[in-house]
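2 protein chains.
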Amino acid sequence: MEIKVLKDILSANDQIAQENRQLLDSNGVFTVNVMSSPGAGKTSLILETIRRLKGAVQIGVIEGDISSSIDAETIGKEGVPVIQINTGGECHLDASMTYRALSNLPLQDIELLFIENVGNLICTAEFAIGAHKNLVISSTPEGFDKPLKYPLMFTVADIVLINKIDLLPHVNFDTDAYKKTVKNLNESVEIFEVSCTTGQGIDRWLSWLQNQLRNR
Amino acid sequence: MEIKVLKDILSANDQIAQENRQLLDSNGVFTVNVMSSPGAGKTSLILETIRRLKGAVQIGVIEGDISSSIDAETIGKEGVPVIQINTGGECHLDASMTYRALSNLPLQDIELLFIENVGNLICTAEFAIGAHKNLVISSTPEGFDKPLKYPLMFTVADIVLINKIDLLPHVNFDTDAYKKTVKNLNESVEIFEVSCTTGQGIDRWLSWLQNQLRNR
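So the sequence lines, in the order shown, correspond to chains A and B. The working numbering puts the first residue of the first sequence at 1, with every later residue one more than the last. The working numbering puts the first residue of the second sequence at 217, with every later residue one more than the last.
To be clear, the hints were calculated from the coordinates, so they are not data collected in a lab. Among the clues, some could well be false.
Claimed, not checked - Simulated pairs of lysine to aspartate or glutamate, DMTMM-like, Cα-Cα distance not exceeding 25 Å:
{"#": "1", "chain 1": "A", "residue 1": "K54", "chain 2": "A", "residue 2": "D14"}
{"#": "2", "chain 1": "A", "residue 1": "K54", "chain 2": "A", "residue 2": "E73"}
{"#": "3", "chain 1": "B", "residue 1": "K349", "chain 2": "B", "residue 2": "D374"}
{"#": "4", "chain 1": "B", "residue 1": "K293", "chain 2": "B", "residue 2": "E342"}
{"#": "5", "chain 1": "B", "residue 1": "K395", "chain 2": "A", "residue 2": "E73"}
{"#": "6", "chain 1": "B", "residue 1": "K349", "chain 2": "B", "residue 2": "E306"}
{"#": "7", "chain 1": "B", "residue 1": "K396", "chain 2": "A", "residue 2": "E111"}
{"#": "8", "chain 1": "A", "residue 1": "K77", "chain 2": "A", "residue 2": "D145"}
{"#": "9", "chain 1": "A", "residue 1": "K179", "chain 2": "A", "residue 2": "D145"}
{"#": "10", "chain 1": "A", "residue 1": "K179", "chain 2": "B", "residue 2": "E289"}
{"#": "11", "chain 1": "B", "residue 1": "K293", "chain 2": "A", "residue 2": "E190"}
{"#": "12", "chain 1": "A", "residue 1": "K179", "chain 2": "A", "residue 2": "D158"}
{"#": "13", "chain 1": "B", "residue 1": "K293", "chain 2": "B", "residue 2": "E235"}
{"#": "14", "chain 1": "A", "residue 1": "K77", "chain 2": "B", "residue 2": "E406"}
{"#": "15", "chain 1": "B", "residue 1": "K270", "chain 2": "B", "residue 2": "E289"}
{"#": "16", "chain 1": "B", "residue 1": "K399", "chain 2": "A", "residue 2": "E90"}
{"#": "17", "chain 1": "B", "residue 1": "K293", "chain 2": "A", "residue 2": "D174"}
{"#": "18", "chain 1": "B", "residue 1": "K399", "chain 2": "A", "residue 2": "E73"}
{"#": "19", "chain 1": "B", "residue 1": "K349", "chain 2": "B", "residue 2": "E406"}
{"#": "20", "chain 1": "A", "residue 1": "K180", "chain 2": "A", "residue 2": "E193"}
{"#": "21", "chain 1": "A", "residue 1": "K183", "chain 2": "B", "residue 2": "E406"}
{"#": "22", "chain 1": "A", "residue 1": "K180", "chain 2": "A", "residue 2": "D145"}
{"#": "23", "chain 1": "A", "residue 1": "K133", "chain 2": "A", "residue 2": "E111"}
{"#": "24", "chain 1": "B", "residue 1": "K399", "chain 2": "B", "residue 2": "D382"}
{"#": "25", "chain 1": "A", "residue 1": "K180", "chain 2": "B", "residue 2": "E289"}
{"#": "26", "chain 1": "A", "residue 1": "K54", "chain 2": "A", "residue 2": "E90"}
{"#": "27", "chain 1": "A", "residue 1": "K183", "chain 2": "B", "residue 2": "E235"}
{"#": "28", "chain 1": "B", "residue 1": "K293", "chain 2": "B", "residue 2": "E264"}
{"#": "29", "chain 1": "B", "residue 1": "K270", "chain 2": "B", "residue 2": "E306"}
{"#": "30", "chain 1": "A", "residue 1": "K77", "chain 2": "B", "residue 2": "D382"}
{"#": "31", "chain 1": "A", "residue 1": "K180", "chain 2": "A", "residue 2": "E111"}
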């Protein structure tokens, strides 16, 4: 009896994610999947980045939310192309939803695409969407134990931003302990500390981004 | 041909949730399902409540997390019965996991049971576990637009706590706008403002709890 060995069979989602990646690459669009808990600062970071790179980098945005278009309206005021995906209850974006949004963006005019995923520290980490990098944002008021309690998110991260460092004097957040836990889960991850409110640390994040764009 | 009309058929999860409720009722255990984003203050609220009601109310706790037993260890130091459920990746507790935890608690010695659900503002709202009340915690640094973006959670809530009001001077949180959005989704919900750090507003929460216990 012949034993069939099935190797490297991609799931339907991973197959579409791979096609998304090819579409992005063929248009020269560097894409960042932005993930975090609700309210950690995904939209604030994207806004601050758009404002700081205006004129220098052509940016596009996909906004993922269960419902509402608040974030897309906010981003749209900055004059960049933006598409809102409403998942209709789903707790994460998947590759297929992302594909439909990509089909509605002028990819040839975009160098840097942010995909703001649904606010969820669990499910979003489980679905590839085709982005080049996974960015995870933690905010200091959430507490420094989150990587221990939601390890998968930090395992799939390429870059981690600790946001709301302006609140450090008012909250219990041990930055060293946090970094140590993240590095134990994922040795190669880069960790930056920022405040989208005061602008502190944003320069280092922008340098990282521009370096990625140069090496596209 | 006879047409079968299937009505009121409970899902497997709802069936077990109903059995959990019967088990809790037969032991006189008032049970609160505590839900929020990661880091909004579920564990802090449970800890503060245990400390303030020590000697007056017999409390038990079920801790739900993807992995780790940090929260159960913290709660256990207060000398109350506690069970940790590790969901092993699942983004929410379900009725069956809850049943297994209930079977390992001395229910006859518990008047008030907190079930701390996984930190997730989406999926936890979709699964009944048998609790008497759904408590949703929002924290001020998350921003006041969360009910618009995660409406189901606020629709299933019986009581909403706005936590971290000590941070109000440092964050952009419009309490009136937040309350209006929540009330638009769910007219009958009660909303309290608290700080687990300073103790502000905790008395009103404790009064509500003790009133519920009296009316068991």
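So, going through the hints one by one against the coordinates:
no.: 1; hint: A:K54 to A:D14; in the structure: 33 Å, violated
no.: 2; hint: A:K54 to A:E73; in the structure: 18 Å, holds
no.: 3; hint: B:K349 to B:D374; in the structure: 6 Å, holds
no.: 4; hint: B:K293 to B:E342; in the structure: 31 Å, violated
no.: 5; hint: B:K395 to A:E73; in the structure: 22 Å, holds
no.: 6; hint: B:K349 to B:E306; in the structure: 22 Å, holds
no.: 7; hint: B:K396 to A:E111; in the structure: 40 Å, violated
no.: 8; hint: A:K77 to A:D145; in the structure: 36 Å, violated
no.: 9; hint: A:K179 to A:D145; in the structure: 10 Å, holds
no.: 10; hint: A:K179 to B:E289; in the structure: 22 Å, holds
no.: 11; hint: B:K293 to A:E190; in the structure: 35 Å, violated
no.: 12; hint: A:K179 to A:D158; in the structure: 14 Å, holds
no.: 13; hint: B:K293 to B:E235; in the structure: 30 Å, violated
no.: 14; hint: A:K77 to B:E406; in the structure: 35 Å, violated
no.: 15; hint: B:K270 to B:E289; in the structure: 18 Å, holds
no.: 16; hint: B:K399 to A:E90; in the structure: 24 Å, holds
no.: 17; hint: B:K293 to A:D174; in the structure: 21 Å, holds
no.: 18; hint: B:K399 to A:E73; in the structure: 24 Å, holds
no.: 19; hint: B:K349 to B:E406; in the structure: 11 Å, holds
no.: 20; hint: A:K180 to A:E193; in the structure: 14 Å, holds
no.: 21; hint: A:K183 to B:E406; in the structure: 42 Å, violated
no.: 22; hint: A:K180 to A:D145; in the structure: 11 Å, holds
no.: 23; hint: A:K133 to A:E111; in the structure: 14 Å, holds
no.: 24; hint: B:K399 to B:D382; in the structure: 23 Å, holds
no.: 25; hint: A:K180 to B:E289; in the structure: 21 Å, holds
no.: 26; hint: A:K54 to A:E90; in the structure: 33 Å, violated
no.: 27; hint: A:K183 to B:E235; in the structure: 43 Å, violated
no.: 28; hint: B:K293 to B:E264; in the structure: 13 Å, holds
no.: 29; hint: B:K270 to B:E306; in the structure: 33 Å, violated
no.: 30; hint: A:K77 to B:D382; in the structure: 32 Å, violated
no.: 31; hint: A:K180 to A:E111; in the structure: 33 Å, violated
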